[in-house]
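These protein sequence lines map, in sequence, to chains A and B. Numbering (our numbering) for the first sequence: 212 to 340. Numbering (our numbering) for the second sequence: 1019 to 1274.
No lab work stands behind these hints, which were simulated from the structure alone. A few of these clues could be false.
Claimed, not checked - Here are the simulated lysine-lysine pairs, DSS-like style, with alpha carbons at most 30 Å apart:
#, chain 1, residue 1, chain 2, residue 2
1, B, 1127, B, 1228
2, B, 1228, B, 1087
3, B, 1228, B, 1043
4, A, 291, B, 1127
5, A, 326, B, 1127
6, A, 252, A, 326
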Amino acid sequence: MTVRLLSRLGIGLAWLVLLAAAPLGVAAGDNPLLPTIVPGKGDKCVEPTDVMRRDHMEFILHQRDETMHRGIRTTRHSLKECIECHVQTDDQGNYIPINDPQQFCSSCHTYASVKMDCFQCHATTPEQK
Amino acid sequence: MALTGIYAFLFYLAFVVLVAGLGYKIVQYARTPAPLKIPTTPAPTTRSGVALRMGREVVLFESLFRSNKWIWIFGWLFHAGLFIVLARHLRYFTEPVWWWVDLIQPFGKYGAFAMIIGLVGLWARRLLVDRVRYITSPSDHLMLLLLTAIGVSGALMTFVNHTDIVAVKAFFLGIMGFEFASMQPLPGDILLLLHLGMVVLLMLIFPFSKLLHAPGLFFSPSRNQVDNPRAEPGLRAHDSRHVAPWAVELETDRKA
């Protein structure tokens, strides 16, 4: 027991030294610790990535209130536009529902154990053109 | 990145201190002699009865309920809230997340309120009840302050100022699996750093504080003993009647 604890402490210390010596840069895509991050279509999102990772649910809920309760319909934070950009297509060119496992929404939501109720009403794919 | 390293180190240190310290205290409690038969009566007369009573004590705080309703309400509210909040936090340390954690996760949010209301109530008692204030030491206030601050900073992250929880989980999976090569940076949000820093502090002082009542409860002689002083094996008791050794000899003689 004690030996194992000491070794853990040792490893922790060793890592600190390692960090000081060589800053580690690892691409997010192939990291086993992270969920799959599906890239979107455009260059960048409607808000900075850092902000979106923290507050996307606030934007979407705020947009819902503005649209449903006040009748102001804009596109900047519209769920429809989120899906438009972040949806993937399969080999036949058909859209894959955005809440399927490993897709843009579910990948992180499953990882963080957070349920979405968006798609009880909203479509999970854009309209097929 | 330096911040990530410091927090990773702090968590390793706090984990070692918590586990080793708790282990030491539990061994110490287990080895402490309890020579007297002193269960608080009425007490169960069988071992399974004692287990059941201990279970009620742990889950419902039965004896506290009988002694003081105010402390029971706030104390139980805090502990129940803490339990569900801790269960909800398991999502940061398990991948894939356990099914029952998925199930309670949406409700766990509100555990924070139960926790904070309970703590505020217990703190008010230490400030407003004269005779309790008289016996309150600074450490009592500091402990309440630490727990309240952890609860409030956590609730603020859930309800007001979010952090990147995916990055938080990646950080913890990294330090738990010793995957230093692919270690993820901890987000720099001040609330998160405060929250985690105070959790480290709590883990560090846990084995030296009154929070040891958690393991200690199981070693309380008045709670973990069977009420059978009149039926000890070896005394040839008649199940419920204590028979002194000299009387046992007399009875044996008569039968012989």
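Right, here's what the structure says about each hint:
1. B:1127 / B:1228: holds (27 Å)
2. B:1228 / B:1087: holds (21 Å)
3. B:1228 / B:1043: holds (12 Å)
4. A:291 / B:1127: Between residue 291 (chain A) and residue 1127 (chain B) the Cα gap is close to 28 Å, so the pair holds against 30 Å.
5. A:326 / B:1127: Since the Cα atoms of residue 326 (chain A) and residue 1127 (chain B) sit roughly 13 Å apart, the hinted pair holds (cutoff 30 Å).
6. A:252 / A:326: holds (25 Å)
Violated hints: none; the structure is consistent with every hint.
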